[in-house]
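Student: What follows is the residue order along each chain.
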Amino acid sequence: MQQHQYDVIIVGAGGAGMRAALESSKRTRTAVLTKLYPTRSHTGAAQGGMCAALANVEEDNWEWHTFDTVKGGDFLVDQDAAEVMCREAVDAVLDLEKMGLPFNRTAEGKIDQRFFGGHTRNHGEAVVRRSCFAADRTGHMILQTLYQQCIKQNVEFFNEYYVLDLLMTDGKASGVVAYELATGELHVFSAKSVIFASGGFGKVFRTTSNAHTLTGDGMGIVWRKGLPLEDMEFFQFHPTGLAGLGVLLSEAARGEGGILRNKDNERFMERYAPTVKDLAPRDMVARAMANEVREGRGCGPDGAYVMLDLTHLEPAHIDAKLPDITEFARTYLGVEPYTEQIPVFPTAHYAMGGIPTNIKGEALANNDDVIPGLYAAGEVACVSVHGANRLGTNSLLDINVFGRRAGIAAAEYAETATFEELPENPEAYVVELVEGLRNSTGEERIAAIRSDLQATMDLNAQVYRTEGSLKQALVDIEALKLRFANVAVQDKGKRFNTDLLEAVELGFLIDLAEVLVVSALERKESRGGHFREDYATRDDVNFMRHTMAYREVDADGNETIRLDYKPVVQTRYKPMERKY
Amino acid sequence: MDVKVKILRYNPEVVDEAEWKTYSVTLQPTDRVLDALHKIKWEQDGTLTFRRSCAHGVCGSDAMRINGRNRLACKTLIKDLNPDKEITVEPIKGLTVLKDLVVDMDPFFEAYRAVMPFLVTSGHEPTRERIQSQADRDRFDDTTKCILCAACTTSCPVFWSDGQYFGPQAIVGAHRFIFDSRDEGTEQRLEILNDKEGVWRCRTTFNCTDACPRGIEVTKAIQEVKRALIFRRV
Numbered sequence: 001m002q003q004h005q006y007d008v009i010i011v012g013a014g015g016a017g018m019r020a021a022l023e024s025s026k027r028t029r030t031a032v033l034t035k036l037y038p039t040r041s042h043t044g045a046a047q048g049g050m051c052a053a054l055a056n057v058e059e060d061n062w063e064w065h066t067f068d069t070v071k072g073g074d075f076l077v078d079q080d081a082a083e084v085m086c087r088e089a090v091d092a093v094l095d096l097e098k099m100g101l102p103f104n105r106t107a108e109g110k111i112d113q114r115f116f117g118g119h120t121r122n123h124g125e126a127v128v129r130r131s132c133f134a135a136d137r138t139g140h141m142i143l144q145t146l147y148q149q150c151i152k153q154n155v156e157f158f159n160e161y162y163v164l165d166l167l168m169t170d171g172k173a174s175g176v177v178a179y180e181l182a183t184g185e186l187h188v189f190s191a192k193s194v195i196f197a198s199g200g201f202g203k204v205f206r207t208t209s210n211a212h213t214l215t216g217d218g219m220g221i222v223w224r225k226g227l228p229l230e231d232m233e234f235f236q237f238h239p240t241g242l243a244g245l246g247v248l249l250s251e252a253a254r255g256e257g258g259i260l261r262n263k264d265n266e267r268f269m270e271r272y273a274p275t276v277k278d279l280a281p282r283d284m285v286a287r288a289m290a291n292e293v294r295e296g297r298g299c300g301p302d303g304a305y306v307m308l309d310l311t312h313l314e315p316a317h318i319d320a321k322l323p324d325i326t327e328f329a330r331t332y333l334g335v336e337p338y339t340e341q342i343p344v345f346p347t348a349h350y351a352m353g354g355i356p357t358n359i360k361g362e363a364l365a366n367n368d369d370v371i372p373g374l375y376a377a378g379e380v381a382c383v384s385v386h387g388a389n390r391l392g393t394n395s396l397l398d399i400n401v402f403g404r405r406a407g408i409a410a411a412e413y414a415e416t417a418t419f420e421e422l423p424e425n426p427e428a429y430v431v432e433l434v435e436g437l438r439n440s441t442g443e444e445r446i447a448a449i450r451s452d453l454q455a456t457m458d459l460n461a462q463v464y465r466t467e468g469s470l471k472q473a474l475v476d477i478e479a480l481k482l483r484f485a486n487v488a489v490q491d492k493g494k495r496f497n498t499d500l501l502e503a504v505e506l507g508f509l510i511d512l513a514e515v516l517v518v519s520a521l522e523r524k525e526s527r528g529g530h531f532r533e534d535y536a537t538r539d540d541v542n543f544m545r546h547t548m549a550y551r552e553v554d555a556d557g558n559e560t561i562r563l564d565y566k567p568v569v570q571t572r573y574k575p576m577e578r579k580y
Numbered sequence: 001m002d003v004k005v006k007i008l009r010y011n012p013e014v015v016d017e018a019e020w021k022t023y024s025v026t027l028q029p030t031d032r033v034l035d036a037l038h039k040i041k042w043e044q045d046g047t048l049t050f051r052r053s054c055a056h057g058v059c060g061s062d063a064m065r066i067n068g069r070n071r072l073a074c075k076t077l078i079k080d081l082n083p084d085k086e087i088t089v090e091p092i093k094g095l096t097v098l099k100d101l102v103v104d105m106d107p108f109f110e111a112y113r114a115v116m117p118f119l120v121t122s123g124h125e126p127t128r129e130r131i132q133s134q135a136d137r138d139r140f141d142d143t144t145k146c147i148l149c150a151a152c153t154t155s156c157p158v159f160w161s162d163g164q165y166f167g168p169q170a171i172v173g174a175h176r177f178i179f180d181s182r183d184e185g186t187e188q189r190l191e192i193l194n195d196k197e198g199v200w201r202c203r204t205t206f207n208c209t210d211a212c213p214r215g216i217e218v219t220k221a222i223q224e225v226k227r228a229l230i231f232r233r234v
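Residue numbers (UniProt numbering), protein chains in the order written: chain G, 1 to 580; chain H, 1 to 234.
Source of the hints: derived by calculation from the structure; they are not laboratory data.
Mixed in with the good hints there might be a few duds.
[Unchecked claim] Chain G regions said to be covered by chain H (calculated; three or more residues, Cβ under 8 angstroms):
1. 97-104
2. 493-507
[Unchecked claim] Each computed SDA-like pair below joins lysine to any residue, with the alpha-carbon atoms no more than 25 angstroms apart:
3. Lys152(G) <-> Thr121(H)
4. Lys494(G) <-> Lys21(H)
5. Lys492(G) <-> Asp136(H)
6. Lys39(H) <-> Tyr550(G)
7. Lys494(G) <-> Ile40(H)
8. Lys93(H) <-> Thr183(G)
9. Lys152(G) <-> His38(H)
10. Lys152(G) <-> Glu17(H)
11. Lys196(H) <-> Ile151(G)
12. Lys98(G) <-> Lys21(H)
13. Lys98(G) <-> Thr186(H)
14. Lys494(G) <-> His38(H)
15. Lys21(H) <-> Gly493(G)
16. Lys492(G) <-> Glu17(H)
17. Lys110(G) <-> Asp136(H)
Virtual Cβ for every residue (Gly too), placed ideally from N, Cα, C.
Modelling step: build the complete structure from the supplied sequences, incorporating the hints.
Tutor: Put into structure tokens, the structure is as follows:
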């Protein structure tokens, strides 16, 4: 076992982690730990853009952006946080440009902007061009640019170090324990501040735009420490995943003029959102698509999907603005988007919930108290700027604004704090976890358990949910937990043991699936990405509040999930019916 | 359909030399090679080791040599590989194999870091964005697509023959800034590439261009850097 000491440890090297590192490494000794290489992070898969009211191509202001974010989130957004994000968005985009990000340009050479779902002028009057973009690989360019800046600034990375535990001393964060993939060795990192920026957990679902590696490790680690997770029932299903595969086709396709059609070739979004049509927020479009399929207006031999139509766009326009996603359609479905419509269906995309934080990125132990030294930013966190449904482009914005804020806050804290003494045998939990799995004599295959988990989540906890379906999911998860206790890791070696890694990841996925379902069962209303057919309307009287889930273990070692609630911060905007 | 996949396996914890192992897998023609590897790992042999993440060609984790050509496993469909015959999968060449299809990527990233792959500017920053015409932006558009997968560098015979050459990717990484109208680091970067292990080692075999899963015209980018060196003008 090796020991290290840093002022600030950042877990995860996607957009939020690297943005935080650029701040904290300026003034404190910082290390970034990632289970991948930084440029492999899923920030790189984001496509359509990052919204900011630059007003480069038409009138706009950050207050309109704030309103759209709050309304898009079905009023579950903490409005103070949304204000911060939308106000700082302008500088966040300009900062990236100054770092070298190659945005597309207007005729005057300014950063170009385009339409995106749910982003409107003057509180819903009409759609507005607010998304700053680099073709349809904006996330790729953000990830590359931040990595390049980290190179310039000599940020220290520990690549392929898989963090498996958070160390706490007297209620404060004091370090992490990591497993080095190349050697199987354990490393104990002592730190004054720990920032989780480890992304989401889309792999609880089968049909997902998420990478194989998005297994909710950061949320899982915090959860097992008895710390709360907020609003886990809110998961976004992106309308346009490639049918059958889930590979993401950016909303920019509709921002650039693409249209969704059913088997009658009808532009069905006109019925669901008469003003903004195909550019309604994602939860509404995803539900509309699923509804078209359920009511027999789906396309294909089984009527299982709808079509994204780009055929009326000029090929040159498609090539300039949407080159990557049209290539995905060609590569994976053999469809030529110039002349053919593309089969699409909702795909699990983004966790609105996560580790609760305040607007500085400080993690919360409950509704009121921060955990000294612990921070979270990006998809792993819940500030909450996304509420019940995130608007497109606001995730790239979130990682830049709150990654930066968490980096600054963590460094400021580390400048005055002292290193806490680590608990005795700090590595004990990870040794037990890893060796328990490696030496297991069980016979259950990792992939079989994971596949069954994803199947029940897709069937019972997806776009449409009921009490019955969620209860079924819970029954299934209970059974899967028993099977997981008997899981087999075939690779017994130390070196690059990805078999072992997958088993650990699966453990986190099962935990988080259960939190999601339990939280969803108790939210007896429909709001944003959480739609209950048995409670089909929003209920502000009983449910205008965040869910806070806690893991509790009784004296006999039995685990239960306790749900508590946290008020929503409302400043400017009173809840109203959400129409587009 | 039943497909035979022959994989070059190597685990230095267990054996001294790499050996080929053949697996039979049932696949759909539209499955990716990554799906085949997952099926083997998940259903037959959990020790099979490879890197992967996004599974749709944007993260750059799973470059490997498939039927003798560098490709991304997640972007190569079975039907495009003549699946009646055995499909061969081996690690990319020229980097030390750590286990099975996993190679040591550190030398590759070191070469990238060496070319100053970041915007260099001087003077005060403008309040708003730097102005750049779309035409100027287009000059380096192609090389911004790079995902650092190493398919190009590890397809290059010069890189295979000695590990000193920066390799195509590092030149692509430098090109992306050399031809960016906002950048002021061109002189320094060109000097780095003028080194004896720099661009002049390129023999224009076009392997890199063929290998690039992002369709970047790598050889053309290298030629543009050579020209910039000769004329000291971009």
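Student: Hey, Lys152(G) versus Glu17(H), does the alpha-carbon distance stay inside 25 angstroms?
Tutor: 39 angstroms, violated
Student: Counting residues of the stretch 493-507 of chain G whose CB is closer than 8 angstroms to a CB in chain H, do you get three or more?
Tutor: holds (count 7)
Student: Taking 25 angstroms as the top limit, are the C-alpha atoms of Lys494(G) and Lys21(H) close enough?
Tutor: 21 angstroms, holds
Student: Given the hinted pair Lys152(G) and His38(H), is their alpha-carbon gap at most 25 angstroms?
Tutor: 37 angstroms, violated
Student: Keeping to a limit of 25 angstroms between CA atoms, is the pair of Lys39(H) and Tyr550(G) held or broken?
Tutor: Status violated; Cα separation ~36 angstroms.
Student: Decide if the proposed pair is consistent with the structure: Lys98(G) and Lys21(H), CA atoms, cutoff 25 angstroms inclusive.
Tutor: 50 angstroms, violated
Student: Does the alpha-carbon distance linking Lys494(G) and Ile40(H) stay inside the 25 angstroms limit?
Tutor: With Cα atoms ~20 angstroms apart, Lys494(G) and Ile40(H) stay inside 25 angstroms; holds.
Student: Taking only the CA atoms, is the gap from Lys492(G) to Asp136(H) under or equal to 25 angstroms?
Tutor: 54 angstroms, violated
Student: Sort out whether Ile151(G) lies within 25 angstroms of Lys196(H), counting only the CA atoms.
Tutor: Holds, at roughly 24 angstroms.
Student: What's the verdict on Lys110(G) and Asp136(H), does the C-alpha distance respect the 25 angstroms limit or exceed it?
Tutor: OK: Lys110(G) and Asp136(H) at ~12 angstroms, within 25 angstroms.
Student: Against chain H, does the stretch 97-104 of chain G show at least 3 residues with beta-carbon separation below 8 angstroms?
Tutor: Result for this restraint: holds, n = 7.
Student: Decide if the proposed pair is consistent with the structure: Lys98(G) and Thr186(H), CA atoms, cutoff 25 angstroms inclusive.
Tutor: OK: Lys98(G) and Thr186(H) at ~17 angstroms, within 25 angstroms.
Checked against the numbered hints listed earlier, the structure breaks hints 5, 6, 9, 10 and 12; every other hint is satisfied.
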